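In order, the protein sequences belong to chains A and B.
Note that the first sequence covers residues 2 to 110 in the working numbering.
Note that the second sequence covers residues 90 to 173 in the working numbering.
FYI, nobody ran anything at the bench for these hints, they're computed from the structure.
Predicted model only: the values in this text are computed from it and were never measured.
By construction, the Cβ of each residue, glycine as well, lies at the ideal position given by its N, Cα and C atoms.
Below are the DSSO-like pairs computed for lysine-lysine, each with C-alpha atoms no more than 30 Å apart in a straight line:
hint: 1; chain 1: A; residue 1: LYS42; chain 2: B; residue 2: LYS109
hint: 2; chain 1: B; residue 1: LYS109; chain 2: A; residue 2: LYS21
hint: 3; chain 1: B; residue 1: LYS161; chain 2: A; residue 2: LYS21
hint: 4; chain 1: B; residue 1: LYS112; chain 2: A; residue 2: LYS103
hint: 5; chain 1: B; residue 1: LYS109; chain 2: B; residue 2: LYS161
hint: 6; chain 1: B; residue 1: LYS112; chain 2: A; residue 2: LYS42
hint: 7; chain 1: B; residue 1: LYS112; chain 2: B; residue 2: LYS161
Quick look at which bits of chain A chain B covers, simulated, 3 or more residues with Cβ under 8 Å:
hint: 8; segment: 32-42
hint: 9; segment: 84-90
Now for the letters of each chain:
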Amino acid sequence: MRVAHVIGRVTMSIQDPSFKGGRWLMVNPLDAGQFNDACGKAPSVTSQPTLVAYDNLGAGDGDIVGIVEGAEATAPFDFPIPIDAITVAIFDSLSYEPPLSKPSNRRTQ
Amino acid sequence: MFLAQVVGHAVSSHSHPSLKGHKMMLCQALDPVLGLIGAPMVAIDLFGAGLHSTVMVSTDGLGARHIVHDHKSPVRNFIQGVVD
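Chain A with its partners taken away, still in its complex shape (with noise of 0.2 Å):
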């Protein structure tokens, strides 16, 4: 699940049949120093490309959404429906604590 901005909506007129009643929402995957102030305040666009998610959460702009891509998106669905993007979680808070120092790779005692 990668983490994202809500930052727009995409309606379509001609579609595939199995989408009738869904929302679209233009997603801009967040970079990892904005994870911290994103549910506080509306994160600067970043250069990753923006996608095109499913909403079935009633996500709206500005909000910071967790994304799942690939044949998962599909999951939920009981018809086969050619989508690859979902947004599974609508997010109040993220903590993110990069360490200072690279992990060891042997535990310490």
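Using the hints, position chain B against chain A.
Coordinates of chain B only, in the frame set by chain A:
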């Protein structure tokens, strides 16, 4: 499967029902010399992996669906073990 380091956690009050009750940890992939690379991703934690521990993360959706006992879950990443 890839090696990653736990660099934080995520809290979500609105998520897919299969994710309820599972801890969501931020895991950042490690390069061959154990440096952090890329952006962190969210993985489900079953073992209580602590902050900054080195873990093995699976990207297998079928395995993840077994873990959360929901065959219609979209979850994909979970922590398989803590590396000594």
